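*Asks:* Listed below, chain by chain, are the residues.
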Amino acid sequence: MSVILLVEQTLNGLQFGVMLFLMAAGLTLVFGVMGLINLTHGSLYMVGAFAAAAVAARTGSFLLALVASIAGAAAVGTIIEMAVIRRLYSRDHLDQVLATFALILILSEGTRWLFGSYPLFLDTPPWLSGTLMLPFGIEYSIYRLSMIGAGLCAAAGLFWMIARTRIGIQIRAGENDREMIGALGVNISRLNTLVFAIGAGLAGLAGALIGAIQSVQVGMGEPVLILAFVVIVIGGIGSIRGAFVGAILVGLTDTLGRFALPHLFALFMDASSATSIGSSLASMSIYLLMAGVLLLRPRGLFGAT
Amino acid sequence: MTMKLKMKTLAVAASLAMAASGALAGGAKVGMITTLSGGGAGLGIDVRDGFMLAIEQSGRSDIEVVIEDDQRKPDVAVQLADKMIQSDKVDVLTGIIWSNLAMAVVPSVTAQGKFYLSPNAGPSALAGKGCSPNYFNVAWQNDNLHEGAGAYATSAGYKKAFILAPNYPAGQDALTGFKRFFKGELAGELYTKLGQTDYAAEIAQIRASGADVVFFFLPGGMGISFLKQYADSGVGLPVVGPAFSFDQGILQAVGAAALGVKNTSQWSKDLDNEANKAFVESFKAKYGRLPSLYASQGFDTALLLISALNKADVADHDGFRKALEAADFASTRGAFKFGPNHHPIQNIYVREVIKEGDVFTNKIIGTALENHADVYAAECKM
Amino acid sequence: MDRETGLNLALLGVMLAIPLWAMAADEPFLVTLTTRAVIFAIAGIGLNVALGFGGLVSFGHAAFFGVGGYAMGILASHAQGYMPLIEWPILVEGTKSMPVIWLTAICASALTAFAIGALSLRTAGVYFIMITLAFAQMLYYFAISWPAYGGEDGLSIYLRNAFPGLNTMDPIQFFAICYALLLAVLFLVARAARAPFGLMLNAARQNEDRVQAVGQTPYRLYLVAFTISGAITGLAGALFADLNRFVSPSMFSWQTSGEIMVFVILGGVGRVFGPVAGAALFVLLEHVLGGVSDYWHIYLGAILLAVVLYARGGIFGILTGRDTANG
Numbered sequence: 001m002s003v004i005l006l007v008e009q010t011l012n013g014l015q016f017g018v019m020l021f022l023m024a025a026g027l028t029l030v031f032g033v034m035g036l037i038n039l040t041h042g043s044l045y046m047v048g049a050f051a052a053a054a055v056a057a058r059t060g061s062f063l064l065a066l067v068a069s070i071a072g073a074a075a076v077g078t079i080i081e082m083a084v085i086r087r088l089y090s091r092d093h094l095d096q097v098l099a100t101f102a103l104i105l106i107l108s109e110g111t112r113w114l115f116g117s118y119p120l121f122l123d124t125p126p127w128l129s130g131t132l133m134l135p136f137g138i139e140y141s142i143y144r145l146s147m148i149g150a151g152l153c154a155a156a157g158l159f160w161m162i163a164r165t166r167i168g169i170q171i172r173a174g175e176n177d178r179e180m181i182g183a184l185g186v187n188i189s190r191l192n193t194l195v196f197a198i199g200a201g202l203a204g205l206a207g208a209l210i211g212a213i214q215s216v217q218v219g220m221g222e223p224v225l226i227l228a229f230v231v232i233v234i235g236g237i238g239s240i241r242g243a244f245v246g247a248i249l250v251g252l253t254d255t256l257g258r259f260a261l262p263h264l265f266a267l268f269m270d271a272s273s274a275t276s277i278g279s280s281l282a283s284m285s286i287y288l289l290m291a292g293v294l295l296l297r298p299r300g301l302f303g304a305t
Numbered sequence: 001m002t003m004k005l006k007m008k009t010l011a012v013a014a015s016l017a018m019a020a021s022g023a024l025a026g027g028a029k030v031g032m033i034t035t036l037s038g039g040g041a042g043l044g045i046d047v048r049d050g051f052m053l054a055i056e057q058s059g060r061s062d063i064e065v066v067i068e069d070d071q072r073k074p075d076v077a078v079q080l081a082d083k084m085i086q087s088d089k090v091d092v093l094t095g096i097i098w099s100n101l102a103m104a105v106v107p108s109v110t111a112q113g114k115f116y117l118s119p120n121a122g123p124s125a126l127a128g129k130g131c132s133p134n135y136f137n138v139a140w141q142n143d144n145l146h147e148g149a150g151a152y153a154t155s156a157g158y159k160k161a162f163i164l165a166p167n168y169p170a171g172q173d174a175l176t177g178f179k180r181f182f183k184g185e186l187a188g189e190l191y192t193k194l195g196q197t198d199y200a201a202e203i204a205q206i207r208a209s210g211a212d213v214v215f216f217f218l219p220g221g222m223g224i225s226f227l228k229q230y231a232d233s234g235v236g237l238p239v240v241g242p243a244f245s246f247d248q249g250i251l252q253a254v255g256a257a258a259l260g261v262k263n264t265s266q267w268s269k270d271l272d273n274e275a276n277k278a279f280v281e282s283f284k285a286k287y288g289r290l291p292s293l294y295a296s297q298g299f300d301t302a303l304l305l306i307s308a309l310n311k312a313d314v315a316d317h318d319g320f321r322k323a324l325e326a327a328d329f330a331s332t333r334g335a336f337k338f339g340p341n342h343h344p345i346q347n348i349y350v351r352e353v354i355k356e357g358d359v360f361t362n363k364i365i366g367t368a369l370e371n372h373a374d375v376y377a378a379e380c381k382m
Numbered sequence: 001m002d003r004e005t006g007l008n009l010a011l012l013g014v015m016l017a018i019p020l021w022a023m024a025a026d027e028p029f030l031v032t033l034t035t036r037a038v039i040f041a042i043a044g045i046g047l048n049v050a051l052g053f054g055g056l057v058s059f060g061h062a063a064f065f066g067v068g069g070y071a072m073g074i075l076a077s078h079a080q081g082y083m084p085l086i087e088w089p090i091l092v093e094g095t096k097s098m099p100v101i102w103l104t105a106i107c108a109s110a111l112t113a114f115a116i117g118a119l120s121l122r123t124a125g126v127y128f129i130m131i132t133l134a135f136a137q138m139l140y141y142f143a144i145s146w147p148a149y150g151g152e153d154g155l156s157i158y159l160r161n162a163f164p165g166l167n168t169m170d171p172i173q174f175f176a177i178c179y180a181l182l183l184a185v186l187f188l189v190a191r192a193a194r195a196p197f198g199l200m201l202n203a204a205r206q207n208e209d210r211v212q213a214v215g216q217t218p219y220r221l222y223l224v225a226f227t228i229s230g231a232i233t234g235l236a237g238a239l240f241a242d243l244n245r246f247v248s249p250s251m252f253s254w255q256t257s258g259e260i261m262v263f264v265i266l267g268g269v270g271r272v273f274g275p276v277a278g279a280a281l282f283v284l285l286e287h288v289l290g291g292v293s294d295y296w297h298i299y300l301g302a303i304l305l306a307v308v309l310y311a312r313g314g315i316f317g318i319l320t321g322r323d324t325a326n327g
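Order-wise, the sequence lines are chains A, B and C.
Mapping of the first sequence onto my numbering: position 154 corresponds to residue 154, and the numbering continues sequentially without gaps.
Mapping of the second sequence onto my numbering: position 176 corresponds to residue 176, and the numbering continues sequentially without gaps.
Mapping of the third sequence onto my numbering: position 249 corresponds to residue 249, and the numbering continues sequentially without gaps.
Treat the hints as calculated values from the structure; they're not laboratory data.
Note that the coordinates shown come from a computational prediction; the quantities given were computed from them, not determined experimentally.
Just so you know, even glycine gets a beta-carbon here, dropped at the ideal spot from N, CA and C.
One or more hints might be untrue.
Unchecked claim - Heads up, simulated DMTMM-like pairs for lysine to aspartate or glutamate below, C-alpha to C-alpha not over 25 Å straight-line:
1. Lys179(B) - Glu139(A)
2. Lys284(B) - Asp294(C)
3. Lys286(B) - Glu274(B)
4. Lys29(B) - Asp294(C)
5. Lys89(B) - Glu27(C)
6. Lys29(B) - Glu27(C)
To be verified - To give an idea of the chain A side of the interface with chain B (calculated C-beta under 10 Å), a few residues:
7. Glu8
8. Asp123
9. Thr193
Could you put together the complete structure from these sequences and hints?
*Replies:* Laid out in structure tokens, this is it:
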């Protein structure tokens, strides 16, 4: 019985990690290529979820909603990149943090102004709801399995794009030497906008996929944003591979920690204080993980040294 | 809603009722501190709208209401309370939604000799040892709805409950309240992280626990997330909870996942009494949406205030307090009176989530606890 | 007297004049509001020691602000309830005495800053920003789920703590205490900035190798600066808790870290008086814009954005026409 539970929790951790990767990929790409700390990324996640909810309410189609989430977040991303963000690439991290902090305020309240103060409705489509019987009697949500699948596909697509396509070559070159690729005739400003829009689109997709099983509301982006930062710091900022490993690590640590720590404490104290203390420790677990990784490797697992 | 925040002088135009009611004992200045921006704004807006509706219907132009936004931040709420007492010179304060903000504001307000009428939060400290003659709770003590849920789960014949709530004081009170009235055994007890949005790990444990019922207290977006994921997981055990996660405002966001869930509440829009029918109709007519639990509480708070103002002058503290204690008004929830600690003694109903046309809403199916008071009253000495 | 010194004095003068006028005009709330600005200014000055002088971008100063606040909350709540804080090995009672509370807050936050700094300073740049954020988040979640002192509900203190000879519940007297502390902190920080330590720190920020060449360890300089910085912000936290007579985990939240950073940047990074101007402007904006619309965060965001994009050097940058204090 408990082995089944453990397998199910591992799947949950994996699903959480894959979604975190969609968020973290954009953050780490934008940092790698443009050197920008982008706190607005959480707002783009929120924009994706709201766009999906709005389209799903009009059309009733979940697939159209997903398309809308990518398009909506990428569009908003493009607009803010061209209007504001591109002025920040040459600034220091401090200015970047503050300016994108200001953008969060604007995007959050703007969304509330457009959509109201109550959460919106977005649900999983009927053809993905229900559960699937996996081998060994494990019953698991089809939607969550699909999220793992969709996330892995997006990750594979991203790796392929970076390794094999022309844009990917430019991105990798941009990470190494920005002046040089400009000298080689690549339109850097267009490349920047494109990278930012790709990151935004991925965040929007994550927002819609997660929004369907959570609450689509203003402020949904910030907790995820902080988690995504933890992920890229653990993985090494700028490294897509690091973001993937970091995301899975964080997903598993968080999910398994929440499950296992209260049980662990219950071995040597009474049930209700074990629940309380175990849960407290679990909520700190990923930050402990991050501090531990940074102490051993100050530039993350896959960071350039 | 483009209502200006600083409605410094929201003096309500009226004259008809003034002449009719006769025994007027002077007006009052009321300070409302509530959450109007950010994530929890929906609740504050409902309390405000319900409150202002009652003031408007009373036709009294001598009740002035100052409304300010606390942004759900305790320090801002404390500061606004200082401002209202020091600068606006209000007589009565009200409006706070969250227990932690109430704990920050209420003790200092009552210590300064002002009255506070709570339209929502009812932390146990203010009902027991920290009770005050000038503090009145018009909603519920925090434990009440959870106790109702425990009583209902027992009467419905459930034997093994799995219970969960966020790991913070109101969450711990919720589980304690449920356990106080649930006679079966527990299949599991879990605390989740405050603000948590993914409940896969918890749902897996529910599935493995062998429970026959699930009780949860997860306010706001947390409840929406939990219900959607729970419905999707196919666990399918019956769910019981307090009304907060099944309120009119958020029910539409939960959707079909909530259908059939039993929840406990001191109010429902189909509660059969004249005051409630009139309230539901007029709220719909004025604001174009169905009233929520919070709107009804805001409405009742204003009714209580008006009833007391009709009997006594607010400057006469002892007389005004007596008038409040009498609770001589037609509450939207039917019978209503105060216990010795100024907290409600009222029925807790069981509601079921149904679909009316396109709209998800609640229907009363029974009474969980009759004339229910809270357990902290004994600790209150005033 | 150059233009910047004149501005500094004018700023201090206005911050003193507003509450005095408000008392005369019977507007005690304005006094409270100014006190809030003064306390935020102290917190900002604290961060500025690390950020402006040491170049250490800390996104986790809420940790020290919160530790200071809880130092006050814990001591005062024990005194309020007549429960000893520690019974063994020695009896320690809670206290309602402000000076004792300040000292405790400063020591506790300095210790916290020393521990966090010792670990975090092994990293640099964006990793430093994120690891300081992570430590603050850890304390935030700990404070929420720690039931002994109220958890998420926080702790209420019914009366302000006592200062010998003064009635601290009177807004103007409490303001006077905070204002005096602000002057003391300004004086000490200005002195430290010109002392060998400050000059060396400034040099380390600009070029670590040269500092190493003259036999100084940048790590040590940074750690000292970070500890002082945390201690000052902790003092502000204790005052803030006393102003509100309330502490809660929201003092540890990442938004608080962001706001403290905003004070520094609005005013002008690296200037001793910068955070004072920034905090005053922030409180003013919060108060004025809050009355304009339900959606006032949009305006606040737009103003912040404009300052970052077009007014490098903050208000002082605009008013003096120079981006940095040293020209």
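*Asks:* Hints broken by the structure, by number, lowest first?
*Replies:* Violated hints (numbers, rising): 1 and 9; every other hint is consistent with the structure.
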